[in-house]
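We have chain B already, so just place chain R on it with the hints.
Respectively, the protein sequence lines represent chains B and R.
The opening position of the first sequence corresponds to residue 115 in our numbering, with each subsequent residue numbered one higher.
The opening position of the second sequence corresponds to residue 13 in our numbering, with each subsequent residue numbered one higher.
If you're looking for bench data, these hints aren't it; they were derived computationally from the structure.
C-beta: ideal position from N, C-alpha, C; glycine also.
Watch out, some of these pointers could steer you wrong.
Which bits of chain B does chain R cover? Going by a derived footprint, with three or more residues having C-beta under 8 Å, they are [said to hold, decoys possible]:
# : stretch
1 : 119 to 125
2 : 188 to 196
3 : 202 to 212
4 : 233 to 245
5 : 360 to 370
Non-contacting residues of chain R with respect to chain B, defined by C-beta distances greater than 12 Å in every case (computed) [to be verified]:
#  : residue
6  : S40
7  : G46
8  : Y95
9  : R129
10 : R195
11 : E209
12 : G241
13 : S243
14 : E245
15 : V251
Chain residues, written in single-letter form:
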Amino acid sequence: MTRAAVIAAIVWLELLRRKDIYVLLILLGALLAGLVSLNVFGLGGATAYVKDIGLLLAWLFGWILAVSATARELPQEETRGTIFSLLAKPLRRAELLAGKWLGCWSIVAAAALAFYAIVAAVALAKGAGFDAVALAQGFVLHLCALGVICALALCCSTRLNADAAAALTYVVSAACLLLAPRLPHLAAYASGFRFTALLALYHALPHFDLFDMRRRLVHDLGPLPWPVFGAVAAYGIVLTALFLLLAWTAYRRKRFSRGALGA
Amino acid sequence: MEPALETRELSVTFPSPAGPVRALDRVSLRVEPGQVFGFLGPNGAGKTTTMHVLLGFVQATAGEARVLGVDVRRAIARQRIGYLAEHPETYRFLTGRELLRLTGRLFRLRGAALRARVADVLAEVGLDNAAADRRIAAYSRGMLQRIGLAQALINDPDLLILDEPTGGLDPIGRLAIRRLIGRLRERGKTVFFSSHELSEVELVCDTAAILAGGCIVAQGPLRALARPGESLERCFMRVVGAPEEPA
Numbered sequence: 115m116t117r118a119a120v121i122a123a124i125v126w127l128e129l130l131r132r133k134d135i136y137v138l139l140i141l142l143g144a145l146l147a148g149l150v151s152l153n154v155f156g157l158g159g160a161t162a163y164v165k166d167i168g169l170l171l172a173w174l175f176g177w178i179l180a181v182s183a184t185a186r187e188l189p190q191e192e193t194r195g196t197i198f199s200l201l202a203k204p205l206r207r208a209e210l211l212a213g214k215w216l217g218c219w220s221i222v223a224a225a226a227l228a229f230y231a232i233v234a235a236v237a238l239a240k241g242a243g244f245d246a247v248a249l250a251q252g253f254v255l256h257l258c259a260l261g262v263i264c265a266l267a268l269c270c271s272t273r274l275n276a277d278a279a280a281a282l283t284y285v286v287s288a289a290c291l292l293l294a295p296r297l298p299h300l301a302a303y304a305s306g307f308r309f310t311a312l313l314a315l316y317h318a319l320p321h322f323d324l325f326d327m328r329r330r331l332v333h334d335l336g337p338l339p340w341p342v343f344g345a346v347a348a349y350g351i352v353l354t355a356l357f358l359l360l361a362w363t364a365y366r367r368k369r370f371s372r373g374a375l376g377a
Numbered sequence: 013m014e015p016a017l018e019t020r021e022l023s024v025t026f027p028s029p030a031g032p033v034r035a036l037d038r039v040s041l042r043v044e045p046g047q048v049f050g051f052l053g054p055n056g057a058g059k060t061t062t063m064h065v066l067l068g069f070v071q072a073t074a075g076e077a078r079v080l081g082v083d084v085r086r087a088i089a090r091q092r093i094g095y096l097a098e099h100p101e102t103y104r105f106l107t108g109r110e111l112l113r114l115t116g117r118l119f120r121l122r123g124a125a126l127r128a129r130v131a132d133v134l135a136e137v138g139l140d141n142a143a144a145d146r147r148i149a150a151y152s153r154g155m156l157q158r159i160g161l162a163q164a165l166i167n168d169p170d171l172l173i174l175d176e177p178t179g180g181l182d183p184i185g186r187l188a189i190r191r192l193i194g195r196l197r198e199r200g201k202t203v204f205f206s207s208h209e210l211s212e213v214e215l216v217c218d219t220a221a222i223l224a225g226g227c228i229v230a231q232g233p234l235r236a237l238a239r240p241g242e243s244l245e246r247c248f249m250r251v252v253g254a255p256e257e258p259a
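Just chain B, with the same shape it has in the complex (with noise of 0.2 Å):
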């Protein structure tokens, strides 16, 4: 096991300690249950509304837990004073980003599963199929969403305190997701410099839209072509990797004194 290895399960175990994922898991399936049997709406028959309603709670649940999750575990390492027995072991920042990243990565992938799972089931209930390729298609890519908001909370974390930190990774993800794709039709109605600005905002942002397959999921509108797939995955382990060193950059130097001057 690597060292890396080594701080990935401690994140785990923390993190199932905690319980935040057994509360998440639990709301779903209740919403889920809650909205199969009540027939709201007087949607019955349909069943296409069971499978969007329940990927998009299965995006939301992921993207607040692997915000949540990833965004205290650097600043809260600091603040219990815990940050100093563990580097005064032979482990470089580099691993200990790594560790971390891949820790909140795993376990919001393993309920991002989970939530999957129960999404599929009760869409199964309701006599609602799923393409099975499309299906693991549109969860690895989801897959990657996570990795690379996991990247950017751990960066934002380097530097800012809990708090901080997830509310910055929630704003610029949530714009990332909802504001990035509209700037093309935004700079179709500016000129001159506007039109430049708003198309070089289009190009730097991150577009978590790439990674979202829930309207071909929903409508049934079966695989995406491999090569597309491969590229917009590609696309987010290049977003991650870049997030993970911009974390690096900043975590490699900082120091650390909690009481230094005091003693």
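Chain R only, in chain B's frame:
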């Protein structure tokens, strides 16, 4: 012989709103292998800062520091070091045994060797199996100190750095720490520890350095530090420039 720990002209300056604060000013120390070295000084003298530089938490502004012949800025320098912080905080959601296993893995210990080492250090610090399998959140102050010591010893370190190891402990806990340091000395280990407890230092140390205002003001064998007939406490007060007690 190469020193176990050596600093040369080590200086650390911290930025602050009121201007730069010089926490360490050209600190030069030399600790030989097998020594039990006391690192003394009043509050704010720079003891913890020195330890933090030795462990790579703080980068020196000037000068150099080496432990066991390796530059402290390299992670590998900490392969043969054990460290106990002043307030040994750890992962309270783990059991003591889990903490030691995971810590051992950071030193690349595996399988039977790791299990044996965990059992050894638990016995060394006096934690029984029931305590080891309990969550650390349920530990008392003394047990926290013991599990902190156990994780510092998991790699069988050649150099042990202890920051106020007896702070907040009852007399039984202090005696246990003294005995442990004695056993480490017998095995040829080097112990570098800071303390306010001058009586503790007199009991366990061969050599000491006294730090005041970020500078080393006295360093040498314990017997040579004090003048004939002078106690270590009086010597400490004299060299740090503390006001004399009225007769």
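Inset, instruction - Hints the structure violates: just list their numbers, smallest first. - result: 4, 8
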